[in-house]
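Number of protein chains: 4
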Amino acid sequence: MVIIMQPDATEENIADVVKTIEGVGLEAKIMEGAQQKIVGVIGDKAKMASVAIGAMAGVESSVAISKSYKLASREFHPQSSIIDIDGVKIGGAEPVIMAGPCAVESREQILETAEFVKKSGAQFLRGGAYKPRTSPYSFQGLEVEGLKYLAEARERTGLKIITEVTTVEGIAPVAEYADVMQIGARNMQNFGLLKEVGRCGKPVMLKRGLSATIDEWLNAAEYIMNAGTTDVILCERGIRTYEVYTRNTLDLSAVAAVKHLSHLPIIVDPSHGTGRWRMIKPMALAAIAAGADGLMMEVHPNPAKAMSDGSQSLTEEHYFDLMESVRKLSKFMREENLNPIVH
Amino acid sequence: MVIIMQPDATEENIADVVKTIEGVGLEAKIMEGAQQKIVGVIGDKAKMASVAIGAMAGVESSVAISKSYKLASREFHPQSSIIDIDGVKIGGAEPVIMAGPCAVESREQILETAEFVKKSGAQFLRGGAYKPRTSPYSFQGLEVEGLKYLAEARERTGLKIITEVTTVEGIAPVAEYADVMQIGARNMQNFGLLKEVGRCGKPVMLKRGLSATIDEWLNAAEYIMNAGTTDVILCERGIRTYEVYTRNTLDLSAVAAVKHLSHLPIIVDPSHGTGRWRMIKPMALAAIAAGADGLMMEVHPNPAKAMSDGSQSLTEEHYFDLMESVRKLSKFMREENLNPIVH
Amino acid sequence: MVIIMQPDATEENIADVVKTIEGVGLEAKIMEGAQQKIVGVIGDKAKMASVAIGAMAGVESSVAISKSYKLASREFHPQSSIIDIDGVKIGGAEPVIMAGPCAVESREQILETAEFVKKSGAQFLRGGAYKPRTSPYSFQGLEVEGLKYLAEARERTGLKIITEVTTVEGIAPVAEYADVMQIGARNMQNFGLLKEVGRCGKPVMLKRGLSATIDEWLNAAEYIMNAGTTDVILCERGIRTYEVYTRNTLDLSAVAAVKHLSHLPIIVDPSHGTGRWRMIKPMALAAIAAGADGLMMEVHPNPAKAMSDGSQSLTEEHYFDLMESVRKLSKFMREENLNPIVH
Amino acid sequence: MVIIMQPDATEENIADVVKTIEGVGLEAKIMEGAQQKIVGVIGDKAKMASVAIGAMAGVESSVAISKSYKLASREFHPQSSIIDIDGVKIGGAEPVIMAGPCAVESREQILETAEFVKKSGAQFLRGGAYKPRTSPYSFQGLEVEGLKYLAEARERTGLKIITEVTTVEGIAPVAEYADVMQIGARNMQNFGLLKEVGRCGKPVMLKRGLSATIDEWLNAAEYIMNAGTTDVILCERGIRTYEVYTRNTLDLSAVAAVKHLSHLPIIVDPSHGTGRWRMIKPMALAAIAAGADGLMMEVHPNPAKAMSDGSQSLTEEHYFDLMESVRKLSKFMREENLNPIVH
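As you go down the protein sequences, you meet chains E, D, Y and W in turn. Heads up, the first sequence is in the working numbering, so the first residue is 76 and it goes up one at a time. Heads up, the second sequence is in the working numbering, so the first residue is 76 and it goes up one at a time. Heads up, the third sequence is in the working numbering, so the first residue is 76 and it goes up one at a time. Heads up, the fourth sequence is in the working numbering, so the first residue is 76 and it goes up one at a time.
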């Protein structure tokens, strides 16, 4: 931590700050600049938590320097982690594809989608049985019934299942039926849930919060890892900005940031990240080119049949076209050794 | 909901969209503009949730028009709600003051602070027993022990207690000891927690999420109300923006927005909202002038004693000065009938 | 400037960084932390501009500590500046009110508005003769003709004139007719314009850019001051955030920030800041309570007459009600010595 | 435009709104929803500019539906534009590379860089002769002298020159020496500059503003095109968000958005977009995969020589490695017909 003193801070002010730092068992170093003095704090920054340094006389502000997370950091684990889900490797050479509907709506819908997803070459079926919705009056999911349909789809197709867990009570059933438990963006700092999910031990995919910094996201991963789970996968799904054309702004630079700061694999979700189907293909290809370890995508299997006259028959066509392009691109990058990541 | 068609949408595209809308039991109205056609959807928008309208051929985008929340809306309850906490009225003529430390650190600390807060004229003592912290290695609170110290402080001073609940398991102990349960910013869309807190029936103060829109915030209140609690208080605590000088950007216009859209009372927290002690007084006065129903503030009772040589002895002075100014201002506004809110 | 080294930076990396810093005539101080070493840079940070320090081996990142602006800073000029516009003092005890239409539309419109504004007790008439519009097809202003109408309104009412200058060519005519030249939000970093306006010598009101930090804003003021003008007024007009309910998010904490960092007066514009007429009164009162030196507001004199049947007859009523409340509040704050600003 | 009425709007309110719309020569259509009535406005929305519809009794808000820009829109020009700069095609099959230093610092520096850039296979040399800097005390560029060095570099290498124009007075010299004039992010809504640059007729590259929406950006392009220039290139360079790890958040979805909404080519600048050299390669590859028409990058030719002991000798290596990867990727995408853009 670096403490920046006000330009008119007195010698006494600085002495008080130094005394306070030393009082919690840390070392202080004074640096005199042209306009301002700064005081560096050396040692475990957790000790500073109880000190209201910003409220001390003569203090302008303070800047944190060191990271709070350890287990999630690349310093702790210099090799990139590869997470093995019963034979499907996340973080390895080949990108992993997770596809499926936003929510499990019916047995028929999820079984049909699963066939479709399997055929496309994806490894994971996604689909929410518990849905965190902005309004209490929106569909909240089929819950355990939905989980059972997912398990049935796994049996039929061999796809792995990834589905969201939204509450501590939901951990047991989700852990029973899913291969990977997903923590959604709105729960990224639901620390109670993170701790319990971490205790459970099952692999977890942690989505980035709607306006989470990279640092907060890795600290959230640290909560899960500190509770006992080493198999954590990150998922960039777009951040909240002022732009209204897209639902979120997909931050692909997060891939490079995570690869630099952490050893954990990172998946990109261009569906939530953009909110517009036309953007899913370009952003999926861009994610692969940027070095993402996989993609998570929403697929609408056949909305046409249910509701209207085939106006959406292109959807299947678009998805298979996208998957073919993704496969080609990732194969080419591996063969040509086009590694985007600079450590 | 209004659906905006692409400029080159065909008659068939529009017919498909209309058919889809009618297929879920809603009415569609076509409006032909100079460049584009739009289709208005009339009826309960929840029925649209299952339709992937944005993926249909010829559709450019859609705009939601009606609100999702009902119980929290002013249409549902035209009179401003006054919440009575055992004689202390929130949402009435006088602003309510909630003050105390960020976290309950020890019995001595909280009892000392309570005396201090009582003397200042505040009605509520705040202090976290369960702390949601960015890092798992930061102090997580004294939990039930902290709640007991708060209860003891109430007995001694008569102050009401407001403290945060962060997990479903924490609801029972917090409800036992607190007068108002607080939902923190990071849990604003922890829907499982909102539902359970709502079932509990105790008054709840719901802080605005770090990057929550007003609409999402009122929908989160709706979760609590829909589960059975009518006593919901909102708390604006700053939103996340690009500005780095302040910790958050305190959005005081949220006071006017909430007063227009909802009947619920709204409190302002200038401590978290700015992150800088110098800004607490101007923002506290501004909040009162804007029509807020109260203030929540962090008070450091006497950090000097514990750690350093009195460099912070101004803190107490600053807080009492602030409280005197707030009292004068709010009295003046009542006497002069200076009502900032325009319905 | 503080340079944060990567955890695995070598002794050689650090030696290179120190050598580079010393190579541009600055002093380097090394500080060894638990996880990371940091290097402090002492001296004029402008010298660092030519060094790509962030690209050096072993460097993680760098943090600027000292401010770039001097003339605008409170250290340079500890007393708050009071700017005297021919007898109207901006930054003194009484808040200054600037009101008028968005754009000068006709001679009749501006003369009528001026009467109305004068009657309300405001000191300045605002109105754009040159309009920076998002679309080239929107009305771009009456230009010199508009300036002449403003001057005529001044003659009739005694109001001072503030109007926007958008181009270097526009400086001469605007300076001829206006008492204060306004730089709009979109031109806050139009440095060519800032320099020329600064050379002109006339008082300038500088609006905060749509997403400008406080630091960038004060640096923009520095451009004007460095070119020769000391009479600079700042105007907070809302910043761009993710919130869509309001047009912008009015950042009232900017008032306290500017008062702490600078000696320049600051005006608040709740009209652009909120984009909703219902919010203008609460935000105007809040601005005064926060210590703003004045208000700028858009007034629609009598839209009813021109276009519809009196549905807006409340507008005049609202404005006069607002002005009465502002006057009462500011008088009370002066009399009670309710100074919100903590230096 | 769609006007949303308040839930308690009266029949008279609606009649007034309709009358106002018809009063400016437009057509109004009323749509009655479950909770609210909305009024659609049909015809040229520019006519609505003079009406303060939001201030009318019973009006809740209004939403713009149609676009303001025409010449920049894909509807106006369905084929993607290819801009031919003396044989170098921007918007064609092959991506165009623009590389060079941030600023022209000396004749030697720019000539040396030009050799280096030429050798890498780039088509354009970039380098600022006029620098818009946050602080007036930072280096402001070599101006005309810098332009002459750029021209000399072109003569020696055959590279095209792109350089920024920051003022109306600067247009003539920049147009004389440059092949493409660049408008920087801070001037994106400097409408006076846009109009004059548009009149000049030279090709222009328009960077996206720091917090500009896609819609505002295309409207800024419209200013240039409406003034007479058809050769406009867009450049995404990152937008301002809350994230502090990166300098800006590079919005690659803007590539797909621009390709859908407009016929103009779009270049991506991963240097400014991330502010971190390690992220330039992954973001450059991602941009190509997303369908960008080219890249603009900052190259530090040999900082080592000037200042330190070779700690940056990797820079040249990194740049050439990046260029090789970009070339391979773009060749592969062309050969495999991997078109990311879905119209």
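Since the hints were derived computationally from the structure, they do not count as laboratory data. Be aware that one or more of the hints could be misleading.
Since the list gives no way to pick one copy over another, a pair counts as held whenever it fits inside one copy or between any two copies.
Claimed, not checked - Keeping only pairs whose Cα atoms sit at most 27 Å apart, straight-line, the calculated BS3-like set for lysine-lysine is: (1) Lys104 to Lys270; (2) Lys223 to Lys206; (3) Lys206 to Lys270; (4) Lys223 to Lys122.
Note that the structure is predicted; figures quoted are calculated from it, not measured.
Right, here's what the structure says about each hint:
Taking the shortest alpha-carbon separations for Lys104 and Lys270, neither the intra-copy value of 37 Å nor the inter-copy value of 41 Å comes in at or below 27 Å. Taking identical chains as interchangeable, the C-alpha atoms of Lys223 and Lys206 lie at most 27 Å apart only when both belong to the same chain, with a minimum of 16 Å there against 36 Å between chains. Proximity of Lys206 and Lys270 under a CA criterion of 27 Å is satisfied in both settings, with 20 Å inside one chain copy and 13 Å between copies. When the C-alpha separation of Lys223 and Lys122 is checked against a cutoff of 27 Å, the pair qualifies only between copies, where the shortest distance is 25 Å, while the shortest distance within a copy is 48 Å.
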